[in-house]
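Q: Residues per chain, in single letters:
Protein chains: 2
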Amino acid sequence: MERIRLNLTEQCRTYDILIGDGLIPKTGMLLKEHQMKGRVVVITNPTVAQWYLEPLLKSLAAAGYEAGVVQVPDGEVYKSLEEASKIYDFLVESRYDRKTILIALGGGVIGDLAGFVAATYMRGIGLVQIPTTLLAQVDSSIGGKVAVNHPNGKNLIGAFYQPRLVISDVDTLKTLPDRELAAGMAEVVKHGIILDENYFSLVTSELERIRERDPAFMAFVVAGSCRIKADVVINDEKETGIRALLNFGHTIGHSLESLTQYTMYKHGEAVMLGMLAAIRVAVRFGCLPQASFYDTLETTAKSFGMPVTIPGLPARDIYDMLMGDKKAEYGKIRWILPVRLGKAEIVTDLPREMVETVLREMGAV
Amino acid sequence: MERIRLNLTEQCRTYDILIGDGLIPKTGMLLKEHQMKGRVVVITNPTVAQWYLEPLLKSLAAAGYEAGVVQVPDGEVYKSLEEASKIYDFLVESRYDRKTILIALGGGVIGDLAGFVAATYMRGIGLVQIPTTLLAQVDSSIGGKVAVNHPNGKNLIGAFYQPRLVISDVDTLKTLPDRELAAGMAEVVKHGIILDENYFSLVTSELERIRERDPAFMAFVVAGSCRIKADVVINDEKETGIRALLNFGHTIGHSLESLTQYTMYKHGEAVMLGMLAAIRVAVRFGCLPQASFYDTLETTAKSFGMPVTIPGLPARDIYDMLMGDKKAEYGKIRWILPVRLGKAEIVTDLPREMVETVLREMGAV
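Quick mapping for you: the protein sequence lines, in order, are chains A and U. Residues 786 to 1150 in my numbering are what the first sequence lists, from first letter to last. Residues 786 to 1150 in my numbering are what the second sequence lists, from first letter to last.
These are calculated hints, taken from the structure and not from any lab test. There may be inaccurate statements among the hints.
It does not matter which identical chain is meant; a pair holds if it fits inside one copy or across any two.
[Stated by the list, open to error] Simulated crosslink set (DSS-like; lysine-lysine; CA at most 25 Å straight-line): (1) K811 - K959; (2) K1087 - K1128; (3) K1087 - K811; (4) K1128 - K1117; (5) K939 - K871; (6) K884 - K822.
So that you can see chain A by itself, here it is in the shape it has in the complex:
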């Protein structure tokens, strides 16, 4: 088992991210080792519960924890204030006090929703994240961002709230659909490109082991990404500086998602296309002298069945959509561009023509 310690000086808080296989059946013991006391409530959804709820509850019972369960239907639409409100009702009616520990067992939706409830019930109760998708393990469970959606926009109601423990059991990846694995891989390679050349090279040289969900290698992959993201979060908890680098690939990615009304691309697929485009832009702009890793990235995308071209979408519309992005401060788009493999920078003045040319190279019209 790998142990990564997040030390957040801003909040005088430290917590562990535990990564390995066979961890869910040890949860009760791990909670005890981390001095957690109190009643426990597990928030999960039926898709995840069918596989992992029983071993989790067994383990909690064996360690002497009383555990309640709230199941939320599966889907982004349930990451809402209404669903949070139902969880509050359950907590209040069952008289859970401020020493309660909320366990989020699931992917990003469950983690964000349960995290928001933990942040706000009785002004904050204990939170343990057990992410069960690759995307949640390498991305959303780290950094303390919790939120629910507003009908008019994603993550508009939320908080920064750190968990007391993250348990990433890579065994859960065995039941993860291929397209969900691919979505996580987009963030994995992103971490490598912007901050760690070595990690990128190691990960992309063992794609077969990833597709097979080899536990030892997946633990290496998840731990590597956690270390990179944890470093960024420690240095910039509230996203005022270098945390912006994590938006690499997300500028055009968001634009593609919006333009196609979130129906054509999964988030990871859109981000992958956004990264490919950003690398091309960086070469054209002149800040990236050489981009041999472009081919590696393209091969990776293809081997996970992800698209590498943007056929049919108008380049002009993709660019127009960029301006509406919430991260476009004062009407300026903040581009994250690689300057070499393992290093990226923020660039704000890119000619529109240059971006549209790149999009057309990739199949846009």
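Mind docking chain U on chain A? Use the hints.
A: Frame of chain A, contents of chain U only:
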């Protein structure tokens, strides 16, 4: 104008509490002096708005701030998730971004509700408190507790979230009903009894000036309480240690409120009775050798028209209700008892008979 600086090391945050008369018409300038940028939204209620909204908006406009207004109906029942949700809708629909500043203009209900929205909209936006009741000026606006009520309990959904500025304009006390002034006075004398003998003596020797809302003296009263509470909050932001002392009078106070279904006593009145009872208990228990300040407290209560006896309520029921209090950890009641004027301690093992005897001395049956 008095300026008290709260330095919260836990959150690397510092903010000012400004106290004086004629401050609301200077709000725009004060915001500018504190380097606040962005669009402004004022949350208030019609009772407060009739007096203070126009001068506030004038002042904001004069300083170049664009300001929206959301009015919430007057009353504790509107400190709800539903009302917070309506404010989110307004903010989203009018495209307020993460640089928005929310101004809470009103008493504790407005401060708590607007504070909760500020804590959670886009993971936290700027918050300025302009408390307009004595209770809010000396108590709820300081310390960063924000919350909404759940149908089954007060303040069950909330956060710790510090404002960027507090502006306490004592002119607002001129329109405050007498019973509301009295409610604030209960907290004022509480601060003196538990932490500052001198403050208690000065305040209780000038009751006439308080009843007249003399601006200079009210500024002294508010500043004194703010200093005491700020000291406590700085040392114990999340209420794990000495912040518990602020619950002096609240143990029996809450019990009296619950037992009478919140219809007989205002919060301040119940706290006043709780303090009188706690002093009597302290004498009987032996931790308080001499309680000459009991008479001063009783005189103060009477001069503000507050009850000093508990006729008709059964002592046994009052005690039983104590056990259901959310602060009774592991079934133990944590009493805050004075050991001399200006100093209090936590006591957990008080005989039931002793407490009931005191309640009967005060008129309980």
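Q: Next, verify each hint and record whether it holds.
A: Tested hints:
no.: 1; hint: K811 - K959; result: within (18 Å within a copy, 62 Å between copies)
no.: 2; hint: K1087 - K1128; result: within (24 Å within a copy, 71 Å between copies)
no.: 3; hint: K1087 - K811; result: neither (36 Å within a copy, 62 Å between copies)
no.: 4; hint: K1128 - K1117; result: within (22 Å within a copy, 57 Å between copies)
no.: 5; hint: K939 - K871; result: both (20 Å within a copy, 17 Å between copies)
no.: 6; hint: K884 - K822; result: within (7 Å within a copy, 38 Å between copies)
The earlier numbered hint that this structure contradicts is number 3, and it is the only one.
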